[in-house]
Amino acid sequence: MRLRLLLLGALLLVLFGVVLARAAKVQLFDRSRLARLQRDQTRRELEWAPRRGMITDRRGEPLAVTREVDSIFADPSAFETIKSREAAADALSRVLLLPRKKIVEKLQLPDKRFVWLKRRVDERTAMRVRDLGLDGIELVKEPKRFYPQHELAGHVLGFVGEEAGQEGLERELEQHLRGRALQVQATRDARGTMVLEHGAPDTADLTGSTVTLTLDSAIQLAAERELAKAVAAARAVAGWAVVLDVQSGAVLALASNPAFDANKPGRDPMVWRNRAVQDQLEPGSTLKSFVVARALEEGVLGRDELLYCEHGVWFRAGKKIHDTHPVDWATPAAVLRESSNICAAKIAERLGKGRLSDGLKAFGFGEKTLVGLPGEARGSLRDPKSMPQIALLTSGYGQGMSATGLQETAAMAAIANGGVLLKPYLVEKIVAADGGIVLQRGREEVRRVLRPETAHAIGAMLEEVVRKGTGTRAALGEYRAAGKTGTAQKVDPIRGGYGEKRLASFLGYAPAEAPRVAILVAIDEPEGKGADIVGGVVAAPAWGAIAREALWQLGVMPVTQERPAAAIAGHGARVTVAVAP
Numbered sequence: 009m010r011l012r013l014l015l016l017g018a019l020l021l022v023l024f025g026v027v028l029a030r031a032a033k034v035q036l037f038d039r040s041r042l043a044r045l046q047r048d049q050t051r052r053e054l055e056w057a058p059r060r061g062m063i064t065d066r067r068g069e070p071l072a073v074t075r076e077v078d079s080i081f082a083d084p085s086a087f088e089t090i091k092s093r094e095a096a097a098d099a100l101s102r103v104l105l106l107p108r109k110k111i112v113e114k115l116q117l118p119d120k121r122f123v124w125l126k127r128r129v130d131e132r133t134a135m136r137v138r139d140l141g142l143d144g145i146e147l148v149k150e151p152k153r154f155y156p157q158h159e160l161a162g163h164v165l166g167f168v169g170e171e172a173g174q175e176g177l178e179r180e181l182e183q184h185l186r187g188r189a190l191q192v193q194a195t196r197d198a199r200g201t202m203v204l205e206h207g208a209p210d211t212a213d214l215t216g217s218t219v220t221l222t223l224d225s226a227i228q229l230a231a232e233r234e235l236a237k238a239v240a241a242a243r244a245v246a247g248w249a250v251v252l253d254v255q256s257g258a259v260l261a262l263a264s265n266p267a268f269d270a271n272k273p274g275r276d277p278m279v280w281r282n283r284a285v286q287d288q289l290e291p292g293s294t295l296k297s298f299v300v301a302r303a304l305e306e307g308v309l310g311r312d313e314l315l316y317c318e319h320g321v322w323f324r325a326g327k328k329i330h331d332t333h334p335v336d337w338a339t340p341a342a343v344l345r346e347s348s349n350i351c352a353a354k355i356a357e358r359l360g361k362g363r364l365s366d367g368l369k370a371f372g373f374g375e376k377t378l379v380g381l382p383g384e385a386r387g388s389l390r391d392p393k394s395m396p397q398i399a400l401l402t403s404g405y406g407q408g409m410s411a412t413g414l415q416e417t418a419a420m421a422a423i424a425n426g427g428v429l430l431k432p433y434l435v436e437k438i439v440a441a442d443g444g445i446v447l448q449r450g451r452e453e454v455r456r457v458l459r460p461e462t463a464h465a466i467g468a469m470l471e472e473v474v475r476k477g478t479g480t481r482a483a484l485g486e487y488r489a490a491g492k493t494g495t496a497q498k499v500d501p502i503r504g505g506y507g508e509k510r511l512a513s514f515l516g517y518a519p520a521e522a523p524r525v526a527i528l529v530a531i532d533e534p535e536g537k538g539a540d541i542v543g544g545v546v547a548a549p550a551w552g553a554i555a556r557e558a559l560w561q562l563g564v565m566p567v568t569q570e571r572p573a574a575a576i577a578g579h580g581a582r583v584t585v586a587v588a589p
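Just so you know, we're using our numbering here: the sequence shown kicks off at 9 and counts up by one.
Misleading hints may appear alongside valid ones.
DMTMM-like, lysine to aspartate or glutamate: derived pairs with alpha carbons at most 25 Å apart [unchecked claim]:
#, residue 1, residue 2
1, K110, E171
2, K498, E508
3, K110, E94
4, K152, D83
5, K537, D287
6, K369, E461
7, K376, D287
8, K109, E170
9, K476, D331
10, K498, E375
11, K498, D391
12, K498, D331
13, K509, D331
14, K327, E508
15, K509, E533
16, K369, E452
17, K110, E88
18, K431, D287
19, K114, E94
20, K498, E533
21, K149, D83
22, K509, D540
23, K272, E171
24, K237, E535
25, K327, D391
26, K437, E384
27, K114, D139
28, K152, E182
29, K437, E452
30, K272, E150
31, K126, D269
32, K376, E452
33, K272, E384
34, K272, E131
35, K328, E318
36, K476, D336
37, K327, E346
38, K369, E306
39, K431, E453
No lab work stands behind these hints, which were simulated from the structure alone.
All chains should be modelled from the sequences, with the hints used to inform the complete structure.
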């Protein structure tokens, strides 16, 4: 019995020694290695994605916001067998609608502890992934861009890809909107739930700047709505509209059609085109306003001078120039009212190549406005030194040169405000997350283009165009308006020369006596022939509707009429009532 007790005691002592030796090895020799393994199993260093700043209109209405959604990632090291990887891939491919092979490839990366499976999924998909309960598959919150107004101002805002802005202001203002990424430490508890060690970072440390635009959502909505109606009615391929504040140069609306929803931008780059700043086309007769203005300014044309318009046909420089209808003798006002190509060509000939080119450059043609949108076109003017005589004549009525819609509208705004060309701007203010002002813009004068008396004289002529000329369908009734129609032949890119397609437009400002807005409506390639596709028929009615809404939204009330409050409900406008004298 004593021997047995001694043997049992010796055995227990040996076993205790083994345990003690093992504990000593773990605590003294393997401590750092085991601690590293423990950290690798339970700790993660997560990148907290930057949060894009908000974009609002001039009234503070949100146009682009950021919301938190779920993204799904995997820890490939958690899948130790082929069977476990394939089972997980089968389940995930059905939920995430991803190819099974692609998921298996991502899970076969044992040297990685983090790999994205699908980012920014909807709430239903995230819930289904959670319900799978797969070890090594986890979810983390990430910011996603949303556009609460959907199609409104889509061409201006652009959209965001996986990592950065792709089009529009989202691309142009990436450095201000993006925000800053942060690295945060997280620990996985016994149930596999990720817990942030120091809590979530302050959103102010992640968020980009807030951008306030000059756009007015109500005016933008009216511009897009009326433009869409005009394009559909004319069965045209596209159209664009611009609304500028003539006193500051602020862009109140910038619309393009076809439109697109920035939440679902699709894959067609042609739909994303902001045609008002990226398309450069021959403007046609809207340019006559600036040619006549320059001739008056240079003193080569008298305000009441009579010009002979050749009764509709003029042979000059080996070419035949036509008017749409016969005109005989005409003052400059009648040249604009009747839109005579022949007399506009004669006025351009009086100016000469150098002064015509310099005059159009002074109005901003041939140079970018630098409004702050990507892909802005410059337009083109012929070099006076190499300009043939026929090009001088055709430039008088807007053929043989090209311009963007924004250039034309800025030039008309210069006439409206008394002769000063202003720099159009779209971004009013950029404010950092901490409240600091990054950028603030307002009225910026480029140059004086006309004397005030010349601008006033041209304004009276343009008002006559609307009152009893080619632009009567742009009349506003309760407001006085001034403007010019345009119908330009388009170059045939295949055959060369001018084809049958047209660009129909109306360019003007209102109210004529105290201008507030300059507006362009352009309809590209309307279907039809002759008088059915001219600017006064196709574009002028839409111009009038946009102008009327813009003036009401800006609080420019007619003095003799009232507008029912219901007519402007839902547009964020303040309801006011005008009292008749």
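Hint by hint, where does the structure go against what was stated? Just the numbers, ascending. none
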